[in-house]
Amino acid sequence: MVGNLLGRTTLIRELGDAVTELGNLRIAALEEDILAARANARRQSALIHALETEAKAADYELSGVREELKTVKRKYRSVQQILEQERGRLKAARKDLAKAQATVAYYRGSLPWRIYSSSAGLMTGLKKAGQRFFDHPRKRQREQPLALLEQSTLFDRDWYLETYPDVAASGIDPAVHYLETGWREGRDAGPGFSTSAYLKANSDVAANGINPLLHYVEYGHSEGRGAPEHAAPRFPARRRRQDFGPAAPCVAFPSAPEPFSRWARSGKIDAGTRDVLQVGNDVGFFRDEAIKLGVQAAIAGLSDLRQPSRTMRLGASGQSGPAAMLDAWYVNSSILRTRWQAQGGSVVVRILQHAAGAPVLIGEAFVSDRLDAIDAKLFNPFFPLLFLFADCDGAIIGWQSLVFPSLCRGGLHYPELVLLAQLSGVEGGVTDPCLHSEELAGRLQLMLAGEHGPLISAIEVDLTEADGSGPLFQPDFQNWLREITGVAVTAHGGAVAGDQRRHLATAVQILPEERAGNKAGRLILGSDMVPSISALVAGCGPLENVRQSHAMPFAAASMEHSQPATLLFLPRSEWPSSGVGRPRAFPRLESASSTLDMPVAAIRMAPSRPLHEAELLVPVAAPKLSVSKSSAGISWLLWPNDWREDDLLQSLETIAAQTDAGPSSIVFVGSEPAGAGRLAEQLFVGRVRSVPNVEEALPAIDTPLAAYVGPNVILHDRRTAAHLSTMLDEPRNATASVVMVTVEKRGKGWLVATADAGTIPTLSGSERTVAEQSKDAMLLWRATWSGVKPPRDLWMTRAKSLAVCLSSDRDADAGGLHICSALITASYSSPPQGGSPPLSPPANAPHRALRTESLVG
Amino acid sequence: MRFTVLIPSEAYKGNAGARIRYARLSGALSDAGISLSLEDISQFDPRTAKCEVLIISKCYDTRALLAAKILSDRGARVGVDLFDDYFSQRADSRLSRYRMWLGQMLTICDFAMCSTLAMAKVIESYRPGLAVHVLNDPAPDLDNERLFAVMSEKLAAAQAANLVRLAWFGVGDNPYFPVGLSDVAAFSDSISRLQRSGIAVELTLLTNVRSLDARGLSMVSTLPVSARVAEWTEAGESELLSECFACFLPVNAQGFSAAKSLNRAMTALAAGCQVISVGYPLYAALDAFIYREIGSFIDDLRQGRMRLGTDTISEFEAAVAAVGSSASEAAKFAEFLRELPDYSAEMGAAASSLYLVHGFATNGATHKMVQAVGGLSVKTPFCHDALSFDVIFETRFGGEVAMLVSDKALALLLPGVKSQATQFGKIGERNFWKVGDNASDFQAQKAPPVPSLPLLLSLYPSVMQTVVRRLEASFGPGSAILSETSPLPFEIPSL
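Chains as they are written, first to last, in my numbering: chain A, 109 to 965; chain B, 1387 to 1881.
Since the hints were made in silico from the structure, they are not lab data. No incorrect hints appear here.
Simulated crosslink set (EDC-like; lysine to aspartate or glutamate; CA at most 16 angstroms straight-line): (1) B:1399 to B:1426; (2) A:181 to B:1771; (3) A:181 to B:1815.
One side of the interface only, derived from the structure: several residues of chain B facing chain A at Cβ under 7 angstroms: (4) 1572; (5) 1843; (6) 1844; (7) 1877.
These stretches of chain A come out as covered by chain B in the derived footprint (C-beta under 8 angstroms, 3 or more residues): (8) 179-189; (9) 437-449.
Where a beta carbon is used, it is the ideal one built from N, C-alpha and C, also for glycine.
Same shape as in the complex, but just chain A:
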């Protein structure tokens, strides 16, 4: 039993050992498997990584290819576009060629051609015979120009060989070289003649492939063309920057040492027991009683100009005072700089202005030279100034007032000074602002003294396009208007709506004491204007029962005071008070007074920026331009022979597209165009007529209105017909027209320019087109005016008045005003043609047209 148990125990132990061994073997095998699996996993992972990298690279490559494809597509589209354009051009060229060939064929069949061709054959035969007669025709062709070249002083044989060593090395005669190839290679003939510069300056010569020196010798010289000199290269090719050394004096004047001058400043004057003038400090003393009284009166006049008794005392100490003003200009908005000519060689000038209840010294300096300048630090750039002249010790020896300093250069009223100078009748004009100020102050004094009532009692400001930044809204100018001129200012047009308008109406308002009640007139200004001094001091004449509205002259001045201002005035008696659209450019006077003459009523600050092409094409965008819907039919007269067919087709399209106008009819004068005729029938069904000549055109017109449309004119604005019709609602208008512009593609943009805005006279009587000066176009932009003649190629009139347009009588009456509007424009599809139009209205007398004058200061 025990043995069995022992044996079983041994067996169990052995069995256990065996199991353990087996387990160990299994574990070892599993561990190997795990190691193998791990190695496998690492391999797989590396493989995956490699694949991922590959995929990324492929993605990257793909995106590159996509980008490339995009670029290629873009280029393809671009090329395709160019191709399409070229195809179009080719097509057009083929068409033109076919036309030309047809024309040639036509002419070849004609009798004159046959005569010419037979004579040309004869000539060719003679020429050939001549060639046979002479031995060396080519040589002859060369010899004559060669001789010309060699005789010319501009061809320098030695210089040529020295400058172009390759020519020298080749052994070719330099003249022959230049004649045959040299000029084509851009070589110069000599130091006195630059081939490239001549060709650049004379594109016609370059285009025709003519030797430039020969052209100059044979033609250019007699035509006044210049011979540009040879220019050596300025800098070595690699040099991009030029360093400048210190400036060297180019001119020097001998100068004598300045004599030492000692003068007493205000506050430092040793007056002793003498009669001292105090303005804050001691500013001088009097030796002469008359001067003392004059200066005291003038100072009193500064404090309250509106007291007539005081105004009278302003002025000067006489024509031959101690100093005369040479020049005066605004350095900025608050500094006036003056120059003086001292009669005795030198003088001390002190400047006073009234401020805060008392006179104040605002500048002083010793003047011994015409170039010495004195700055006045103004308390108000519009208030009167008093100049005191003293000797070096401080003794006052004279005075001079400047009642209206804004007449000085850079001041708001400077154009008025220029005009007054021109009207003074003196050769070169009297430009002394002191003198003109005194004259204007005298008128103010007469008005204040009750000699006559003021012409203007109130100013109304049109706030339509105001932004509140003009002088009329600024305190300094308002103070001047209130205190010096006493005129009331209010918003034009009564009640105003909206926060901005309310603010502007309040900001512009000045309500000082009434000026002569309601008898005087009201001056209506744009918000970019200021009233002229002449208008403010003008007296009114006998009153009439009827209060009338008159357009008044004004001067337009840019911010740039070196530029001339322009004076513009409309015919006073005939200008319709209502105008058309918004004639906002002109000040108006509503008055019952018959005395309206004044040189200028207002100064307008002209915008300095150029007009944008959009503004020239559409000066007033829809729907802001009001046109009355007219039912009056319009006959459009066109001369198809003067037109290119495409332009005519386009013009007919735009006439058909007109809105708010009466029904349109087309009258073709001359031969009826085939293509355009069909289109016209399609667009104006039953309202197309053709007449052989202009005489027969008149009976063919059965509409109240007729319009002449010259070659290439396109009504790009659909309101044009309605606008023209509206202008003719006014019986005083004989013709109605709009400003013509040209439109040209320039690079990526468009160049739009004024082409024709009719003819207006100058004050001196000469006539010129408005478009001659682009500045005028800017000044008259969005305005309406009357001219001597309307624009040549587009105008409308009443059909019954058309007969007078056929008259050859140069003195025929136009029957009213030629009114032109810059509220709408029309354009030329291609440059306007020259020559006389087949139909044009008689010119008006200059006094019935807007007149302008350039005010050169």
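Given the structure of chain A, go ahead and fit chain B onto it with the hints provided.
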């Protein structure tokens, strides 16, 4: 809730509008659980964008119209911010395209935002009844203790030296309107009067370089005091405001200026500067702290008691809370959006078709975008771009407008129309079909070889109207978006 503000470029984030308005607002909005992000329109894809509210900011082009339309159709609320007024000058032909853009944009939008009631009225004139939110620009955070110290120091220094350091900062010019430097010059009477009162003035102008051209510098030269001029930078502005006693901020009364926000005055006041603002009362909400005329400024300076002073800080703080608190502005804006009426009934069901009608100058990106959302890209006779259009309109003399459709568009034609379509031929590599009664005569009629610009100007509105009518007659009612970016004065058609 996610708000996306669509901006014209990445660089715009540095602009005062983005920097002050949206950056300050975003913090307060996030407290209300609203995230606000600014996205460059060139990087924005309206098909995949995830936002509940889209605000278009200064993106005056067709991409914005299309993005607004696509997101609106996807159920987002779409608004436009109009903090500049290029829209009320109806007579100005230079701004035709802006008016055309706004007219279209407001038909898509659920709301509009602006700075002033005056601008709200302008919006009302374009689309009566549209919800408009007047959003005040959030003011910078106020540090009363610092402000107290700064103001005391500045006042003491000004009185001791009898010197006013005066600053003007901002954009000095605008391509369309006289603003900035021209305002400073026009209203410089006030500076003159300050100087005349016996107080020395040192003026510094911080502005953009573009405005300092000959004209700008000429205006600077007319100022009654010599001015130091420097280029504007954000850091430069902070430094200047920390040094200056007062800011001179004149405002003219034209629509563009009157539509501006309070932010310049608010920034100046928050930096402890006095503000002198003559001209249009743009900053009326802050009138208690602002000098509207120079006389009272001079008097107060002499008496040492300024409108923005140590004794008025609490009032100023209250005013800022009322008109410039970012928290309250954010809350009011969130409330406005919650209360926003549902315009779906007014606008009708989402239109089945979307037509992008390309005008004289268009944008290629929108062409791709409209095709990607299943819309039709339509070439009009005015468009000269070479894009793979779905529908092409050509004109012939006599007013005939012919319609050609691609294979893709052919499938979308109304059944009755489709049956009349006839094969036209290939344009480029693509097959086109003629649609319409007169199509057969189309090739026989004379085409304007190169239509002149004047002719295009004349025909633009009527042809555009015809195009849209033909599209709706052929493909069914839809939304037409006119893509026109040209500065030329094309008359705005009523589509």
